[in-house]
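Novice: Now for the letters of each chain:
There are 2 protein chains.
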Amino acid sequence: MSLLTIGSVAFDAIETPFGKTDKIIGGAATYIAFSASYFINPIRLVAVVGDDFPISKLEKMQHAGIDLEGLQIKEGEKSFFWQGKYHKNLNARDTLITELNVLGNFDPIIPDNYQNSKYVMLGNLSPKVQLTTLERLQQKPNLIALDTMNFWMDNALEDLLKVIEKIDVLIINDEEARQLSGDYHLKKAAQRILNMGPKHLVIKKGEHGALLFGKNHQVYSCPALLLDEVLDPTGAGDTFAGGFMGYLAQTEDVSFENMKKALVVGSSMASFCVEKFGIERLLELSSTEINKRMQAFVNLGQISMPKKFD
Amino acid sequence: MSLLTIGSVAFDAIETPFGKTDKIIGGAATYIAFSASYFINPIRLVAVVGDDFPISKLEKMQHAGIDLEGLQIKEGEKSFFWQGKYHKNLNARDTLITELNVLGNFDPIIPDNYQNSKYVMLGNLSPKVQLTTLERLQQKPNLIALDTMNFWMDNALEDLLKVIEKIDVLIINDEEARQLSGDYHLKKAAQRILNMGPKHLVIKKGEHGALLFGKNHQVYSCPALLLDEVLDPTGAGDTFAGGFMGYLAQTEDVSFENMKKALVVGSSMASFCVEKFGIERLLELSSTEINKRMQAFVNLGQISMPKKFD
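Residue numbers (the working numbering), protein chains in the order written: chain Y, 1 to 310; chain S, 1 to 310.
Bound conformation, chain Y alone (with noise of 0.2 Å):
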């Protein structure tokens, strides 16, 4: 099966308590295409880069199994850049400096190659980009994902809500969640949302796991893992899509039931993105470990009902 993804490939300096970086690559579609690339090969990448981004980095791409006709390099300009600094317990971050440069005017071509891409992960970017790419495909996917964040719904609303009426899947924490509805309790939020037209929802909430919501009031909540060591929490969100959409698109199976399991997948790798500084961690990774992983979130959940009462 066929995923594409689009999403900022770019530069990034991070600054946790535990270490620093200089300019490292990062960027949503980066640290998607690398997550996903463990389940699912090629995967088609639409995004922009400046000529400053260098091409080892490309090749480590390519070598992991990602399409780059997608990705476009303009001669004489920048690549996106982003530095931000965490606060002392990793759950919120100070943007020091970002610079748009290449990503201030991204016109996403998709090539012919990719025109039957049968899953679609939009990652975080502005929504009229990502409402361009769905109106540029011209078979429709079996199943669309989309990232986004609380800069779009302050700034760029309207387009945020067109687009997320033509998704199968969002992807946001709980307090994007809460802010997108408009209610402060999750349960009411998820269902507002659902109303807005995606079939799922996937509500991260960091050290305390995710949630899958369905539009027949399902719901599944996936723990999250007690790490030794958070380095860097930076793209854990998009490695989480990565790891979901690549599930999916492997296994083509978009049943409730299904998703389920591509959040543990999508929490497992999530988990190790933290463990390293960028994406590091992503390019390490062997079978026994990821499966070893997923293993121990379902073992963390796992129950069996108790003694009926009666």
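There may be inaccurate statements among the hints.
No copy labels: a pair is met if it fits in one copy or bridges any two.
[Stated by the list, open to error] Straight-line Cα separation of at most 30 Å, DSSO-like style, residue types lysine-lysine; simulated pairs:
no.	residue 1	residue 2
1	K88	K166
2	K187	K205
3	K276	K188
4	K205	K292
5	K162	K20
6	K78	K199
7	K20	K308
8	K20	K188
9	K215	K74
10	K85	K205
11	K188	K215
12	K60	K307
13	K23	K128
14	K276	K307
15	K308	K199
16	K188	K292
17	K276	K215
18	K60	K187
19	K308	K128
20	K118	K308
Calculated from the structure, these hints are not laboratory results.
In this text the structure is predicted, and so the values were computed from the model without any measurement.
Since chain Y is already given, all that's left is putting chain S on it; use the hints.
Specialist: Chain S only, in chain Y's frame:
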């Protein structure tokens, strides 16, 4: 099997965004006893009230199977009183009034009939009183659980550590676990607390569920149900403890696997408690409702292993 509990039996006046009560009956031991009474009878109560405590409520307790031989009624004195107001999202509260009254010099006298109690739930109370209770038990119980709060960590840490050393299960919330251990990281916090004595640790995370830790690195994550309505969180933690210990006393099985089920039972009972003000909801539950609620918790976290990665 026999369950003994000590703790406050008191008056509360509660204000939440959804309503306000006059003086209603509350107190840790009240919630514990009513909750546990669904699973085991009689519950042996060690507590103290003033002569202002209404007979009608004592009769309700007896009716629920709560043994009041250990309840001291102090003539001419007043019962403990707490008044509090919850914040908008119910995740914090301000104490407006605390009148210790009879609780100020509570001497926990244990009736001879209570001496063979196999299960002991030390409700939130001064660690000195909790310690005295244990010293006065002539037979070693099968299992002792203890609930406490940050107030005692701030004001009576030495005594608290002494009693924690002697118990089997500590039940606290995430903030308290962080304070007690001095470690923000919950996994490390749990390990440190288990090194203080208890064989098991329950960390309650409110709307994010609860965690159970065992000495041999076992962990279970119990999800939180997304309730339609939460009116009043008062007593939820005590109700959890009551269901948890009531179930263990009923099943007489203190294995990690059975404690996981007890976590589901405790969470189910707590989820009922918050649906109405005070103990109201705990007076009216049917076995059908309880079984349905436990099943909902089990279903919420139900997952099977994703397709193995190869």
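Novice: Classify it for me, K162 with K20: is the Cα-Cα distance of at most 30 Å met within a copy, between copies, both or neither?
Specialist: Neither way: K162 and K20 sit 38 Å apart in one copy and 42 Å across, limit 30 Å.
Novice: Using 30 Å as the alpha carbon limit, work out where K187 and K205 are close: within a copy, between copies, both or neither.
Specialist: This pair counts as both: shortest intra-copy Cα distance 14 Å, inter-copy 18 Å.
Novice: At 30 Å max between alpha carbons, let me know whether K188 reaches K215 within a copy, between copies, both or neither.
Specialist: within (12 Å within a copy, 39 Å between copies)
Novice: Should K20 paired with K308 be assigned to within, between, both, or neither, using CA atoms and 30 Å as the limit?
Specialist: For K20 and K308, neither the intra-copy (53 Å) nor the inter-copy (35 Å) Cα distance is at most 30 Å.
Novice: For K205 vs K292, is the C-alpha pair at or below 30 Å within one copy, between two copies, both, or neither?
Specialist: both (22 Å within a copy, 26 Å between copies)
Novice: When Cα atoms must be at most 30 Å apart, do K276 and K188 count as within-copy, between-copy, both, or neither?
Specialist: between (36 Å within a copy, 19 Å between copies)
Novice: At most 30 Å between CA atoms: does that hold for K118 and K308 within a copy, between copies, both, or neither?
Specialist: This pair counts as between: shortest inter-copy Cα distance 22 Å, intra-copy 45 Å.
Novice: Indicate which option fits the pair K215, K74 if close means a Cα-Cα distance not exceeding 30 Å: within, between, both or neither.
Specialist: Classified as neither; 42 Å inside a copy, 57 Å across copies.
Novice: When Cα atoms must be at most 30 Å apart, do K78 and K199 count as within-copy, between-copy, both, or neither?
Specialist: neither (38 Å within a copy, 57 Å between copies)
Novice: Using 30 Å as the alpha-carbon threshold, which applies to K308 and K128: within, between, both, or neither?
Specialist: The answer is neither: 53 Å in one copy and 37 Å across copies each exceed 30 Å.
Novice: When no copy is named, should K20 and K188 be tagged within, between, both, or neither for a Cα gap of at most 30 Å?
Specialist: between (40 Å within a copy, 24 Å between copies)
Novice: When no copy is specified for K276 and K307, does a C-alpha distance of 30 Å or less occur within a copy, between copies, both, or neither?
Specialist: between (43 Å within a copy, 26 Å between copies)
The structure fails hints 1, 5, 6, 7, 9, 18 and 19 (numbered hints given earlier, in ascending order).
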